[in-house]
Amino acid sequence: MLRRKKFLFAILAIIPTFVIFGWVRMFPIIETLRLSMYDWNLLSKNKTFVGFSNFSQLFRDDQFLDALTNTAIIAFGAMAVTIPVSMALAGVIYHRTRSRFAGFYETAVFIPHVVSLVPAAMAWKWIFDAKLGPLNAIIMSLGGEAQAWLFDPVLSVICIILLVSWQTLGYAVLIYLVGFRNLPKSVYEAARLDGASGIQSFLFMSVPLLKPITLYVSVVTLISGFNVYAQAYVLASDTQGAPGRLVRVLVLDMLENSFQNFRVGYAAAEAVILLSIVLVLTAVQFSLLRQKGGN
Amino acid sequence: MPSHKRYGPLGKTVTLSAGLMLAGSISAQAQDIVVWGGFPELTDYYERVAEGMSDDYPDLNVIVEPIGLRDHEKRVALALSSGLDDATVLELIGSTANRYIVNDLLPPAPSGVADFVNDGENFEPFFRDTATVDGSVYGVPLFRGQGALFYNTDMLAEAGLDGPPTTMEEYDDYAAKLTQRDEGGTPTVSGWSLRLSGGGAGIAEKFWINMHQHGGSVLEQVGDKYRAGYANEAGLAALRQYVNAVSGDKTVSIDMPADAAAFQRGQTAMFIRESWVIGDTEKKAPDLNYDTALLPRGSIALPVNLYVSGGSDKAQEAAWAFAIEANKPEHLIWMLDNVGWLPNRVGVDYSGVIEAKPQFSAFVDLPEDYELFTLPSIEPINEILTRFAAKLTEAFADPSLAGDDEAIMAILESSAEETNAILDRAGILAE
Numbered sequence: 001m002l003r004r005k006k007f008l009f010a011i012l013a014i015i016p017t018f019v020i021f022g023w024v025r026m027f028p029i030i031e032t033l034r035l036s037m038y039d040w041n042l043l044s045k046n047k048t049f050v051g052f053s054n055f056s057q058l059f060r061d062d063q064f065l066d067a068l069t070n071t072a073i074i075a076f077g078a079m080a081v082t083i084p085v086s087m088a089l090a091g092v093i094y095h096r097t098r099s100r101f102a103g104f105y106e107t108a109v110f111i112p113h114v115v116s117l118v119p120a121a122m123a124w125k126w127i128f129d130a131k132l133g134p135l136n137a138i139i140m141s142l143g144g145e146a147q148a149w150l151f152d153p154v155l156s157v158i159c160i161i162l163l164v165s166w167q168t169l170g171y172a173v174l175i176y177l178v179g180f181r182n183l184p185k186s187v188y189e190a191a192r193l194d195g196a197s198g199i200q201s202f203l204f205m206s207v208p209l210l211k212p213i214t215l216y217v218s219v220v221t222l223i224s225g226f227n228v229y230a231q232a233y234v235l236a237s238d239t240q241g242a243p244g245r246l247v248r249v250l251v252l253d254m255l256e257n258s259f260q261n262f263r264v265g266y267a268a269a270e271a272v273i274l275l276s277i278v279l280v281l282t283a284v285q286f287s288l289l290r291q292k293g294g295n
Numbered sequence: 001m002p003s004h005k006r007y008g009p010l011g012k013t014v015t016l017s018a019g020l021m022l023a024g025s026i027s028a029q030a031q032d033i034v035v036w037g038g039f040p041e042l043t044d045y046y047e048r049v050a051e052g053m054s055d056d057y058p059d060l061n062v063i064v065e066p067i068g069l070r071d072h073e074k075r076v077a078l079a080l081s082s083g084l085d086d087a088t089v090l091e092l093i094g095s096t097a098n099r100y101i102v103n104d105l106l107p108p109a110p111s112g113v114a115d116f117v118n119d120g121e122n123f124e125p126f127f128r129d130t131a132t133v134d135g136s137v138y139g140v141p142l143f144r145g146q147g148a149l150f151y152n153t154d155m156l157a158e159a160g161l162d163g164p165p166t167t168m169e170e171y172d173d174y175a176a177k178l179t180q181r182d183e184g185g186t187p188t189v190s191g192w193s194l195r196l197s198g199g200g201a202g203i204a205e206k207f208w209i210n211m212h213q214h215g216g217s218v219l220e221q222v223g224d225k226y227r228a229g230y231a232n233e234a235g236l237a238a239l240r241q242y243v244n245a246v247s248g249d250k251t252v253s254i255d256m257p258a259d260a261a262a263f264q265r266g267q268t269a270m271f272i273r274e275s276w277v278i279g280d281t282e283k284k285a286p287d288l289n290y291d292t293a294l295l296p297r298g299s300i301a302l303p304v305n306l307y308v309s310g311g312s313d314k315a316q317e318a319a320w321a322f323a324i325e326a327n328k329p330e331h332l333i334w335m336l337d338n339v340g341w342l343p344n345r346v347g348v349d350y351s352g353v354i355e356a357k358p359q360f361s362a363f364v365d366l367p368e369d370y371e372l373f374t375l376p377s378i379e380p381i382n383e384i385l386t387r388f389a390a391k392l393t394e395a396f397a398d399p400s401l402a403g404d405d406e407a408i409m410a411i412l413e414s415s416a417e418e419t420n421a422i423l424d425r426a427g428i429l430a431e
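Sequences listed follow chains V and A, in order.
Letter by letter, the first sequence follows residues 1 to 295 of the UniProt record's numbering.
Letter by letter, the second sequence follows residues 1 to 431 of the UniProt record's numbering.
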């Protein structure tokens, strides 16, 4: 009887959480899936069922394909930059834990993660500015040639990768630091007795032992990379000065299709594709790292 | 000895609650209306209009919330499709408002407001029509965006140029003579600043203005339908001119500072823009010597109207009164003088402002054959312009197009196909 009461209490206690989760998380996803099958202009009361027509149109749409390619490059690029850099930074900070500046190092690395995105992107826009930016000033003072960072098709994508990486780095370092603190000290002591250098210990012990952390960081970085929007928007926008080259990304394309072109079903189909990509990539990452971890 | 009564915690709570209730009842009597605009430079103007209503509406609280135009358009789309709580005055370009009106998301204006708009002594038919759908008035005309050439008089004098260019061929010649370069030949001051990068419909809109001078139009109307009108000689001439400026004569580069900011800093000699630049320059570069000139053939004119949505009947009445108050001569003269947007109301004496700021003459003293055009009120207009703009930005930055008319025409034809496909999907493609 008591057991049943406890069970009932547990169910009652968890119901509000499930309701909230269902309402704010599951309902929008289901509604987006439904809308992707309709032709709807946001304003009309009529929604016309079009089946998979929105999806077939998307794969013939140059702008969508361009956005998909750019987003994938940015997401994988940010992941490729963030993981090794954050792991190395976390390693350095961890080995300087006893330094009185340890707290400062951690805070300094974490600050970009909590800084508001738009002002941060504005600051980077100035850094990348072709004529007035400090980046080109440094390059030129070293004898190099000034680059049109925000206007060149390749460099403008690299700028966004750098900006996304700069923002995700702090969080990744924090997670890696937790990982470093949980690594068994005895293994490192044994390695030191066997004559392993610090770099060897890092490469052959820390890196493999931190695989679960790497899995988590790579999933989080990849997902945030696929959701890139404000960075591309701010770096390209300027109504009265020198707007940069607009790097079309998926979220930007979705917003434009929804609220400027009034093609909500079409934008929902884009969202479904983005969701599928993120789910598939996450599953692949989990399976790869689990396999390697098992081996 | 006077006795002091001490109130315990309960007494304090009761007193505080009573105070809050009183404050609540006072604020409940006040009438709130919200003004949403896409031109932040008009904030002071709207606040001034609100002050002007204080005698007739002493309890009216006007909340002015302007943001950038593109974001404003997004919030209006979201708000109107989901419903507005407060009575809201919406500042919208006529072609944008049309899609909300045909979907019954904007109410028609009350009869008194409609009479004001329909009065020929207040507005010319062009502006009345942009606020009217199927014979019903939905908005109150306010101001318009209209282009003219801005040129730096000192730079023209230094280059030995007497007066502004009057043909598109002269624009090229002037740009070549006005461009300043470093030792390596790289332009440091552009001769003619063009909109070459960024995103959105603005690039195609600016291209349309230039193409109009060559005798073309991005969209051609046939009856009540449309088709792409730029894969032709006029389109070729306009795109060739852009490509030649960037990659041929190199009078401008993609990464150069551009637009009003560049003009005010002396980083460009000429550019085409709306009249707000006059007000903006007065604030940011008061010592700049410049003038304006008519464009060779005509200009775009984008009328902006005030619409009302949401709130109680009483609040809506106050919101419509705000739209009428905004059109009072003293406010319109203030707007022209201090902000620079061109009011649409006729019968108001703007001569004092125009005499003090002769740069306005290129916007108001128009010859009879000067052609004004506007964006068509069709649902896919933004998508057409945005997609065309994406193609244009790629073309502007492609040096291989310089001198290759065939390749330029191929880009225009491929883009025109896309435009026609969008029109076809919307069911408004002309044969």
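Simulated from the structure, these hints should not be mistaken for laboratory data.
Honestly, I wouldn't trust all of these hints.
As the list claims (entries may be wrong) - Chain A regions said to be covered by chain V (calculated; three or more residues, Cβ under 8 Å):
1) 75–82
2) 230–237
3) 255–269
4) 380–386
5) 401–414
Said to hold, decoys possible - Mimicking EDC-like on lysine to aspartate or glutamate, the simulated pairs with C-alpha atoms at most 16 Å apart in a straight line are:
6) A:Lys328 x A:Asp349
7) V:Lys131 x A:Glu431
8) A:Lys225 x A:Glu431
9) A:Lys314 x A:Asp59
10) V:Lys45 x A:Asp104
11) A:Lys283 x A:Glu41
Said to hold, decoys possible - Far from chain V, by Cβ distances over 10 Å, these chain A residues were calculated:
12) Met53
13) Ser54
14) Arg70
15) Gly112
16) Glu169
17) Lys283
18) Trp334
19) Ser361
20) Thr393
21) Ala395
For clarity, every value in this text was computed on a predicted model and none was experimentally measured.
Ideal Cβ positions, reconstructed from N, Cα and C, are used throughout, including at glycine.
Query - Nearest-CB test (10 Å) between chain V and Lys283 (chain A) - result: Its Cβ never comes within 10 Å of chain V, the nearest being 13 Å, so this holds.
Query raised in the report: Does the claim that Ser54 (chain A) lies outside the interface with chain V hold up, using a Cβ gap greater than 10 Å?
Result: With a cut-off of 10 Å, Ser54 (chain A) remains clear of chain V, as the shortest Cβ separation is near 33 Å.
Query - Separation of Met53 (chain A) from chain V, once the least beta-carbon distance is taken, above 10 Å - result: holds, 30 Å
Requested in this report: Can you take a look at whether the stretch 255–269 of chain A is actually covered by chain V? Rule is 3+ residues, C-beta closer than 8 Å.
Outcome: holds (count 8)
Query raised in the report: Trp334 (chain A) clear of chain V by more than 10 Å, beta carbon to beta carbon?
Result: holds, 23 Å
Query raised in the report: Taking 8 Å as the C-beta cutoff, is the stated coverage of the stretch 380–386 of chain A by chain V satisfied by three or more residues?
Result: Three-residue rule met by the stretch 380–386 of chain A, so holds; n is 4.
Query raised in the report: Are Lys131 (chain V) and Glu431 (chain A) close enough, with their CA atoms no more than 16 Å apart?
Result: violated, 48 Å
Requested in this report: Beyond 10 Å from every chain V Cβ: check whether that's true for Arg70 (chain A).
Outcome: Answer for Arg70 (chain A): violated, closest chain V Cβ roughly 7 Å.
Query raised in the report: For Ser361 (chain A), is the shortest beta carbon distance to chain V beyond 10 Å?
Result: Given a closest Cβ separation of 23 Å, the condition holds.
Requested in this report: Compare the distance between the alpha carbons of Lys328 (chain A) and Asp349 (chain A) with 16 Å, and conclude whether the hinted pair is satisfied.
Outcome: holds, 12 Å
Report task. Report holds or violated for chain V covering the stretch 230–237 of chain A, Cβ cut-off 8 Å, minimum 3 residues. Result -> violated (count 0)
Requested in this report: Confirm or reject the statement that Glu169 (chain A) sits farther than 10 Å, beta carbon to beta carbon, from all of chain V.
Outcome: Holds: least Cβ distance 27 Å, greater than 10 Å.
Comparing the model with each numbered hint stated earlier shows that hints 2, 5, 7, 14, 20 do not hold.
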